[in-house]
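Chains A and B are the protein sequences, given in the same order. With the working numbering, the residue at position 90 of the first sequence is 90, and numbering never jumps. With the working numbering, the residue at position 160 of the second sequence is 160, and numbering never jumps.
Treat the hints as calculated values from the structure; they're not laboratory data. Using N, Cα and C, we set each Cβ at its ideal position, and we do this for glycine too. One thing to keep in mind: the hints can contain errors.
Below, simulated EDC-like cross-link-like pairs (lysine to aspartate or glutamate); rule was C-alpha separation at most 16 angstroms, straight line [as the list claims (entries may be wrong)]:
hint : chain 1 : residue 1 : chain 2 : residue 2
1    : B       : K107      : B       : E153
2    : A       : K77       : B       : D38
3    : A       : K77       : B       : D36
4    : B       : K187      : A       : E19
5    : B       : K187      : A       : E14
6    : B       : K187      : A       : E69
7    : A       : K77       : B       : E37
8    : B       : K187      : B       : E177
9    : A       : K77       : B       : E41
10   : B       : K187      : B       : E173
11   : B       : K107      : B       : D67
Residues of chain A clear of chain B, computed beta-carbon distances all greater than 10 angstroms [claimed, not checked]:
hint : residue
12   : A3
13   : E14
14   : A17
15   : A44
16   : L45
17   : A53
18   : A60
19   : E61
20   : S68
21   : A71
22   : L73
23   : V92
24   : A96
25   : A99
26   : V103
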Amino acid sequence: MTAPCREWEQSLLEKVAGELDAAAELRVDGHLESCAACRAEAEALRQVLSLAALPPVTDAERRALAGSERAALAAWKRSVRRRRLFAAGAAVFAVAAAALLVVISPGLLRGSGPGPLAQASSSWRVPDVDADWSLASAVGPGGDATDEVSADADDGSDDSVSDDALYAELDAVDPESL
Amino acid sequence: MSDENHDAKSRLRVLAGGAADRERDAELVRAFLVGDEDAFEELWRRHEATVHAVVRRYARSPEDARDLVQRAFIRALSASRRGFPSPSSKPFLFRAWVLRIAANLGKNHARDEARWRTEPLDGSPEAVDGSPAPEDVLLRRERERLVRKAVLELPRRQREVLTLRLDADLSFEEVAEVLGITQNNAKVCFHHATRRLRALVTEATEGDGEAAGRENRP
């Protein structure tokens with residue numbers, strides 16, 4: 001058997017699907033009268049769609065559907081009630097959670113104790129500048145309290161006494177003897 | 001196609017979309033959402049047959065199909081309640097919504113339950129007269145089973161287009177509207193789906209011919 005005409009393929013399918021307008025239907029019918037291959041193709045397509053189509057709605061299906069809109073409406077109302085209950089429950093929960101937060105938050109803040117900043121601010125005092133300066137002068141001119149402390153920690157000797165003795169020894173040396 | 005089937009499809013056509021129908025749907029949905037139960041009944045009457053036509057291919061029983069219809073309506077109305085479009089946005093297409101939801105529900109139902117139906121719910125030749133079907137009727141039923149099974153195994157878009165066209169008798173314009181594709185795209189999908197099924201039937205016919213030839217050989 002010869003193949004159907006390619007240029008008529010889509011039109012044949014639309015004819016079989018019942019989608020052609022009157023003018024297009026006439027054109028396709030005119031072609032089918034003269035083309036056996038396209039007639040066979042149209043018949044084959046019709047056959048395939050007929051096999052794929054479902055049978056008519058049965059009495060059993062009609063009976064099952066009868067009155068089902070009432071059941072659907074009842075199901076809708078139930079779902080609306082559930083949604084409202086859920087929304088109300090969520091609102092109550094949110095209010096309760098907010099109230100609980102308000103009640104317990106001061107306790108939480110107290111219970112957690114002061115943070116590092118609070119501790120630092122509570123232990124801070126106005127510095128006694130005069131006392132600090134007197135401490136610095138006690139070290140002596142050119143001295144450093146830190147150096148002195150570290151030196152003491154090293155050997156416990158008195159640097160000021162050692163220096164005086166050294167200077168005395170130097171003074172005692174006769175320059176001519178050098 | 002039988003006269004009864006043709007009449008049923010003609011009734012579906014009457015309810016097909018149009019600007020006035022869409023506006024009426026929108027009015028009914030708005031009315032129902034503020035408590036008018038009569039509006040629900042009218043919406044149901046307007047679309048029940050088409051929604052049922054879309055889901056019955058996937059249903060195992062009449063009750064299955066009924067449940068799918070109910071769920072499709074409830075979901076479509078819930079979606080309407082959540083996001084009723086403003087007048088400035090795209091037109092409100094309840095019919096397209098409910099049919100698309102029905103198609104998805106049907107497909108998911110069949111997938112989840114692994115029970116895609118390959119035989120008619122009722123009305124088979126045996127059921128009509130109680131006597132064994134003649135050989136050609138049996139052959140036809142076998143072909144129907146084969147092709148309907150193949151329909152469910154088509155690529156998703158092809159299956160959707162074919163079933164909306166065949167089962168719900170939607171025009172390609174309406175199919176395109178429901179699926180959110182162009183009319184040309186719908187036609188192309190229909191074309192591919194039909195070609196694929198036709199190839200399957202041709203193959204089956206040739207297989208039957210070869211088997212018959214072998215049997216007749218001495």
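Checking one constraint from the list: CA of A/K77 to CA of B/E37, max 16 angstroms. Satisfied? 10 angstroms, holds
No chain B beta carbon within 10 angstroms of A/L45's: Incorrect as stated: the minimum Cβ-Cβ distance to chain B is 6 angstroms, not above 10 angstroms.
Does A/A71 really sit off the interface, with its C-beta more than 10 angstroms from all C-beta atoms of chain B? Check fails; 6 angstroms does not lie beyond 10 angstroms.
Verdict on A/A44 as a residue remote from chain B, using beta-carbon distances over 10 angstroms: Nearest chain B Cβ is 6 angstroms from A/A44, so the label is violated.
What's the verdict on B/K187 and A/E19, does the C-alpha distance respect the 16 angstroms limit or exceed it? 10 angstroms, holds
Consistency of the no-contact label for A/A17, given chain B and a CB cut of 10 angstroms: The claim is violated: A/A17 sits with its nearest Cβ about 6 angstroms from chain B, within 10 angstroms.
Check the hint pairing B/K107 with B/E153 against an upper bound of 16 angstroms on the C-alpha distance. Holds. B/K107 to B/E153 sits at ~11 angstroms (cutoff 16 angstroms).
Check the hint pairing B/K187 with A/E14 against an upper bound of 16 angstroms on the C-alpha distance. Between B/K187 and A/E14 the Cα gap is close to 8 angstroms, so the pair holds against 16 angstroms.
In terms of Cβ atoms, is chain B entirely out of 10 angstroms range of A/V92? 23 angstroms, holds
Run the C-beta distances from A/A99 to all of chain B and say if the shortest one exceeds 10 angstroms. 30 angstroms, holds
Is A/E14 truly not at the interface, in the sense that its beta carbon sits beyond 10 angstroms from all beta carbons of chain B? Answer for A/E14: violated, closest chain B Cβ roughly 7 angstroms.
Between B/K187 and B/E177, is the straight-line Cα distance small enough, at 16 angstroms or below? Holds, because 13 angstroms separates the two Cα atoms, which is no more than 16 angstroms.
Checked against the numbered hints given earlier, this structure breaks hints 6, 13, 14, 15, 16, 17, 18, 19, 20, 21, 22; the rest are met.
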